[in-house]
Each structure stands twice: as C-alpha cells, then as structure tokens.
Amino acid sequence: IDCNDINMSEIDFQRVISNILINAVTAINGIGIIEIETYSSSNFIIIKIKNNGPKIEENIIDKIFQVGVSTKENKNKDNGFGLPIVKDIIEKNGGTVEVESNELFTEFTIKIPKRWKMLDTNKLVSSIFIFYKNFKTIL
52 IDCNDINMSE
62 IDFQRVISNI
72 LINAVTAING
82 IGIIEIETYS
92 SSNFIIIKIK
102 NNGPKIEENI
112 IDKIFQVGVS
122 TKENKNKDNG
132 FGLPIVKDII
142 EKNGGTVEVE
152 SNELFTEFTI
162 KIPKRWKMLD
172 TNKLVSSIFI
182 FYKNFKTIL
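Numbering (my numbering), first residue to last: 52 to 190.
Derived from the structure by calculation, the hints contain no laboratory data. It is possible that part of the hints are untrue.
What the hints assert, rightly or not - In silico SDA-like pairs for lysine to any residue, Cα to Cα no more than 20 Å straight-line:
#  : residue 1 : residue 2
1  : K165      : E61
2  : K138      : E88
3  : K138      : E158
4  : K138      : I87
5  : K162      : F116
6  : K106      : F156
7  : K101      : D56
8  : K106      : T160
9  : K106      : I87
10 : K99       : N70
11 : K165      : S91
12 : K101      : K114
13 : K101      : R66
14 : K114      : S92
15 : K143      : G133
16 : K162      : E142
17 : K143      : P105
My request is simple: use the sequences and hints to build the entire structure.
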C-alpha cells in the first residue's frame, strides 16, 4: 500500500498495522497462521488481517476497542491500550475497523479512505473526446 494513496500518515498507518500484527502473533503464541489481504474499492483501501488463534470471547469482543480491555492477562493494567489507539487513528482519518472472531479465526477489517487526487484535465478531455468519437461511431 502506498501511503500517498490513503488519507493517513505513514507513521499512523505503521502504528495501526503493527499493533494488530503484534496482537495476532501473541494470539497464535508464535505457532499458527496470519494472513494479510489488501484490496481496493472505488473509495477505500481495505486491509484484512486474520489469524487462527483462539476465539475472542463474546463478553470481550464488543468492548475490545475500549481502553483497558484485553484478551491477555492484565493484572498490572498495562494491556488494553493498542486497539483503542488503532480505532482512534482509523476513525480520525475517516475509516473504520471491525473485528470478527469464531472458533476458526479472528479477523480485523480496516477500511481507509483513498486520498482524492487532482485530475489531469488534458487527459480527462482527451478521454471524453475518445469516448464521444467511439460512441458516435457505434450509433
């Protein structure tokens, strides 16, 4: 993913991805599968990060993006800060983050808006002319 194509700084993008990947590595306890899938829609870049670690329990999953909530042991209250930061960064940049978890996998889906780029009007006019010319030929 080229950070010039998304509405997010490179540093924030790195924080988001690294946090979710660190959590995935911890979840699989170093032995398992982590899949990363990226694709593009007309307005968004979509990133899916999936692991085959244990299911995030229902009593936690709805709160997983709240400060202090963690699937890890949290006696010293030093866990449960990464995902709220992830959500804050993504939402601050107009995106969304969702999580799905079951017995087979846990998957985070991130949608980040594409950055709008200025159109080259010469190319646009040329494209319209070619379309018009071809359309007229078809008629």
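Against the structure, the hints:
For a cut-off of 20 Å, the pair hint linking K165 to E61 stands: about 14 Å separates their Cα positions. Of the pairs offered as hints, the one joining K138 and E88 holds, with about 19 Å between alpha carbons and a cut-off of 20 Å not exceeded. Distance hint between K138 and E158 is fulfilled; the C-alpha atoms sit about 15 Å from each other, no more than 20 Å. Of the supplied pair hints, the one linking K138 and I87 holds, its CA atoms being roughly 18 Å apart against a limit of 20 Å.
Between K162 and F116 the alpha-carbon distance is near 16 Å, which keeps this suggested pair within the 20 Å criterion. The straight-line distance between the Cα atoms of K106 and F156 is roughly 7 Å, inside the 20 Å bound, and the hint therefore holds. A C-alpha spacing of about 23 Å is found between K101 and D56, which places the hinted pair above 20 Å, so the restraint is violated. At roughly 16 Å between alpha-carbon atoms, K106 and T160 fall within 20 Å of each other, so this suggested pair holds.
The straight-line distance between the Cα atoms of K106 and I87 is roughly 18 Å, inside the 20 Å bound, and the hint therefore holds. For the hint linking K99 to N70, the alpha-carbon distance of about 13 Å falls within 20 Å, and the restraint holds. Of the supplied pair hints, the one linking K165 and S91 holds, its CA atoms being roughly 9 Å apart against a limit of 20 Å. Restraint check for K101 and K114: satisfied, since their Cα atoms lie roughly 19 Å apart, inside the 20 Å limit.
A threshold of 20 Å between alpha carbons decides the hint, and for K101 with R66 the separation of about 17 Å falls inside it, so the pair holds. For the proposed pair K114 and S92, the alpha carbon gap of about 28 Å is over 20 Å, so the pair is violated. With a C-alpha separation of about 15 Å, the suggested pairing of K143 with G133 holds against the 20 Å cut-off. Distance check on the hinted pair: K162 and E142 sit about 10 Å apart at the alpha-carbon level, within 20 Å; holds.
At roughly 30 Å between alpha-carbon atoms, K143 and P105 are farther apart than 20 Å, so this suggested pair is violated.
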